[in-house]
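Trainee: Chains A and B are the protein sequences, given in the same order. Its first residue numbered 1, the first sequence is counted upward by one per residue in our numbering. Its first residue numbered 1, the second sequence is counted upward by one per residue in our numbering.
Among the hints, a few may not be true.
Footprint (simulated), chain B over chain A, 3 or more residues, beta carbon under 8 Å [as the list claims (entries may be wrong)]: (1) 199–207; (2) 217–223.
If the Cβ cut is set under 10 Å, some of the chain B residues that face chain A in the computed set are [unchecked claim]: (3) F82; (4) M91; (5) P101; (6) V103; (7) A148; (8) L157; (9) Y223; (10) Q297.
Examples of chain A residues toward chain B, derived with CB under 10 Å [to be verified]: (11) A156; (12) A159; (13) P213; (14) V226; (15) K293.
Derived from the structure by calculation, the hints contain no laboratory data. The beta carbon of each residue, even a glycine, is placed where N, CA and C say it ideally should be.
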Amino acid sequence: MRGASTFFWRRPHLYLLLLLVPPLLWFGTVYLGSLFALLAQSFYRIDDFTAQIVREPTLATYKQLVTAPAHLNIVLRTVTMALAVTIACAVIALPIATYMARYASGRVKALFYVGVMLPMWTSYLVKVYAWRMLLAKEGIIAWFANKLGLAGVLEALLAMPGIGGPSLSSSYIGMFLVFVYMWLPFMILPMAAALERVPGSLLQASADLGARPSQTFRNVVLPLAVPGIAAGSVFTFSLTLGDYIIPSVVGAPGYFIGMMVYVQQGTAGNIPLAAAFSVVPVVLIFVYLSIAKRFGAFDAL
Amino acid sequence: MTAAIEFRGVSRIYGDVRAVDDVSFTVEPGEFFAMLGPSGSGKTTCLRLVAGFDTPTRGQVLLDGADVSVVPPYDRNVNTVFQDYALFPHMTVLQNVAYGPKVRGIATAEREQRAREMLELVQLGAQAQRRPAQLSGGQRQRVALARALINRPKVLLLDEPLGALDLKLREEMQIELKGLQKKLGITFVYVTHDQGEALSMADRVAVFNKGRIEQLAAPRELYLRPATAFVARFVGSANVADAVLAGKLGATLPFAIRAENIDVQDEPAPVPAGHDAAPGTVLAVQFHGAASRWQVQLDAGEVWSALVSEEEARRRNGLAVGARVKLSWPREAAVPLQG
Numbered sequence: 001m002r003g004a005s006t007f008f009w010r011r012p013h014l015y016l017l018l019l020l021v022p023p024l025l026w027f028g029t030v031y032l033g034s035l036f037a038l039l040a041q042s043f044y045r046i047d048d049f050t051a052q053i054v055r056e057p058t059l060a061t062y063k064q065l066v067t068a069p070a071h072l073n074i075v076l077r078t079v080t081m082a083l084a085v086t087i088a089c090a091v092i093a094l095p096i097a098t099y100m101a102r103y104a105s106g107r108v109k110a111l112f113y114v115g116v117m118l119p120m121w122t123s124y125l126v127k128v129y130a131w132r133m134l135l136a137k138e139g140i141i142a143w144f145a146n147k148l149g150l151a152g153v154l155e156a157l158l159a160m161p162g163i164g165g166p167s168l169s170s171s172y173i174g175m176f177l178v179f180v181y182m183w184l185p186f187m188i189l190p191m192a193a194a195l196e197r198v199p200g201s202l203l204q205a206s207a208d209l210g211a212r213p214s215q216t217f218r219n220v221v222l223p224l225a226v227p228g229i230a231a232g233s234v235f236t237f238s239l240t241l242g243d244y245i246i247p248s249v250v251g252a253p254g255y256f257i258g259m260m261v262y263v264q265q266g267t268a269g270n271i272p273l274a275a276a277f278s279v280v281p282v283v284l285i286f287v288y289l290s291i292a293k294r295f296g297a298f299d300a301l
Numbered sequence: 001m002t003a004a005i006e007f008r009g010v011s012r013i014y015g016d017v018r019a020v021d022d023v024s025f026t027v028e029p030g031e032f033f034a035m036l037g038p039s040g041s042g043k044t045t046c047l048r049l050v051a052g053f054d055t056p057t058r059g060q061v062l063l064d065g066a067d068v069s070v071v072p073p074y075d076r077n078v079n080t081v082f083q084d085y086a087l088f089p090h091m092t093v094l095q096n097v098a099y100g101p102k103v104r105g106i107a108t109a110e111r112e113q114r115a116r117e118m119l120e121l122v123q124l125g126a127q128a129q130r131r132p133a134q135l136s137g138g139q140r141q142r143v144a145l146a147r148a149l150i151n152r153p154k155v156l157l158l159d160e161p162l163g164a165l166d167l168k169l170r171e172e173m174q175i176e177l178k179g180l181q182k183k184l185g186i187t188f189v190y191v192t193h194d195q196g197e198a199l200s201m202a203d204r205v206a207v208f209n210k211g212r213i214e215q216l217a218a219p220r221e222l223y224l225r226p227a228t229a230f231v232a233r234f235v236g237s238a239n240v241a242d243a244v245l246a247g248k249l250g251a252t253l254p255f256a257i258r259a260e261n262i263d264v265q266d267e268p269a270p271v272p273a274g275h276d277a278a279p280g281t282v283l284a285v286q287f288h289g290a291a292s293r294w295q296v297q298l299d300a301g302e303v304w305s306a307l308v309s310e311e312e313a314r315r316r317n318g319l320a321v322g323a324r325v326k327l328s329w330p331r332e333a334a335v336p337l338q339g
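In isolation and in its complexed conformation, chain A is listed as follows (with noise of 0.2 Å):
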């Protein structure tokens, strides 16, 4: 053992090519490999007739995704919904996270963190079929709703166009909020792991320096808390651009890009158009993360 370890020491790159041999084999083989033969994928076509894959370099496929209304309808509806969870997610995230972080301690803290990761203990089916249960229309919110007289508001509600429906567990309402309890974990964690390393002599200094509490929070909370609100927001993101389950479970019956692949590459037998709306998530996530960085999310990191 004692020989093996001195034997290493003497030699610190071999030990390096050790160590990362077998994850670079991973990384490489297993994760990019498939990343790069799906992309591959979207360059065939599939042929009208025999509906067999040409397996030849062509754009035919994209050019299917761009020009029809219907595909660029799909793309548009989940970007949307992707946004709107990732800014809800990002509003409610924040209060809880800075508790978290800056205030509570010992046990309330554990509770906090024990609360956040819980939901993700339990099977994600059983919690999207629940919430489908919870936003029917003779579900607890809708009974809850009528209990305290705002059956009217939730009505008014359901009534508006586009994202209403005949109840919320058949409208883009419901569907938002499903995405936004799924995903909220992934903003909290790492928002308060970003103000957790801002030391509590910053927010000192600040008021010391004349700064009301709302002065602190946009002058200094907010700035550093940015990595982990781009960190998050990437999770929520890129979490709803690709989900095709709680779209096809709750909600109006629009396609979704994630559903839109499921459908392709199974009753459609379509691989090459699956592959090529598979690819615009990674597009769209590239596109996000060269804004973000545009706007300085990652200087502090």
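For chain A, the structure is supplied; the task is to place chain B on it using the hints.
Mentor: Showing chain B alone in chain A's frame:
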């Protein structure tokens, strides 16, 4: 004249810990006031009470005659230089210094002009566009100072501001800080655990121990006439004879005697007139350059130390660790202590 700061019977109690225990004192306008003590002695809590980061459990804190006990920090005309400098990492040096005027609603052009003047004052004009992470420790310290002074506070609080700097830089900054304080005429309250720093810079020093002020006096007075055994040991590194030891040495009251007033001689040599003496054994000799410090185990109990000049040490050549010696000191050099 109204006191710049006044503590009236202030206590700060956390659970069952009395961080500050019934403390009263005043700081005069324009004074360089040091709060000296070991960690956990209550000096930093007192500073936080002045800054407004904490509120007293009992008693009142007055600034310029007005009770500010429950006034938030952003409504106090007091600024702080933090131990870790607390510079905003996402702002440039200029933005850091201009932060005070910014949150007070001063227009961009004017606040940047003032920030540049402050940076010139601390000789950092050339670094205005850098980030704090790109500066050395000494430079960060100056930025923290400029940022705290830009609001023209009545009182500047300094929380161990030189603790993170190396010895040479620390000595330079001590002189610079003292000069700056004279020039600006601002009241400085300086928290430190380094007695040398407190003695060399302050007009008056409050020595803290266990949440209370043991003695508040000018540096010379503290050094020459410590009131308690704690002050004698902490400030002057003096030898202390408590009531028991003093009795054995033939004195009526406990007393302190500083190391430089003690002479080490051969045990059989006669005690000079007007001197007291105590026999003991040499435990260690530490060379300090111009003088060496001799640790002597007294037969009567305590370990005392004597500062012997190099010249003297040469004459005492035969004496080494383990030798039997007699410590002697002029009777009038002994400082009587309370209790």
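Trainee: Are the hints correct? Go through all of them and say.
Mentor: Hints and how they fare:
Only residues whose beta carbon comes within less than 8 Å of a beta carbon in chain B count, and the stretch 199–207 of chain A has 7; three or more means the coverage holds. Judged by the Cβ-Cβ criterion of 8 Å, the stretch 217–223 of chain A is covered by chain B as claimed, because 3 of its residues qualify and three suffice. Checking F82(B) against chain A by beta carbon gives a least distance of about 5 Å; that is within 10 Å, so the hint holds. Checking M91(B) against chain A by beta carbon gives a least distance of about 8 Å; that is within 10 Å, so the hint holds.
Interface restraint check: P101(B) against chain A, minimum CB-CB distance 9 Å, threshold 10 Å, status holds. The interface hint given for V103(B) holds, since its Cβ lies 4 Å from the closest Cβ of chain A, which is under the 10 Å cut-off. Given hint, A148(B) at the interface with chain A, holds; its Cβ is 8 Å from that chain's nearest Cβ, closer than 10 Å. This hint holds: L157(B) has a C-beta 8 Å from the nearest C-beta of chain A, less than the 10 Å allowed.
The criterion of a C-beta within 10 Å of any C-beta in chain A is not met by Y223(B), whose closest approach is roughly 33 Å, and the hint is violated. Taken as an interface hint, Q297(B) does not check out: its beta carbon lies about 45 Å from the nearest beta carbon of chain A, beyond 10 Å. A hinted interface residue such as A156(A) counts as satisfied when its beta carbon comes closer than 10 Å to some beta carbon of chain B; here the least separation is about 42 Å, so the hint is violated. This hint is violated: A159(A) has a C-beta 45 Å from the nearest C-beta of chain B, more than the 10 Å allowed.
Contact between P213(A) and chain B, as hinted, is supported at the beta carbon level, the nearest pair being about 8 Å apart and thus within 10 Å. Among the interface hints, the one on V226(A) holds; its C-beta lies about 8 Å from the nearest C-beta in chain B, closer than the 10 Å criterion. Interface restraint check for K293(A): the shortest CB-CB distance to chain B comes to about 15 Å, outside 10 Å, so the restraint is violated.
The structure does not agree with the numbered hints 9, 10, 11, 12, 15 stated previously, though it agrees with the rest.
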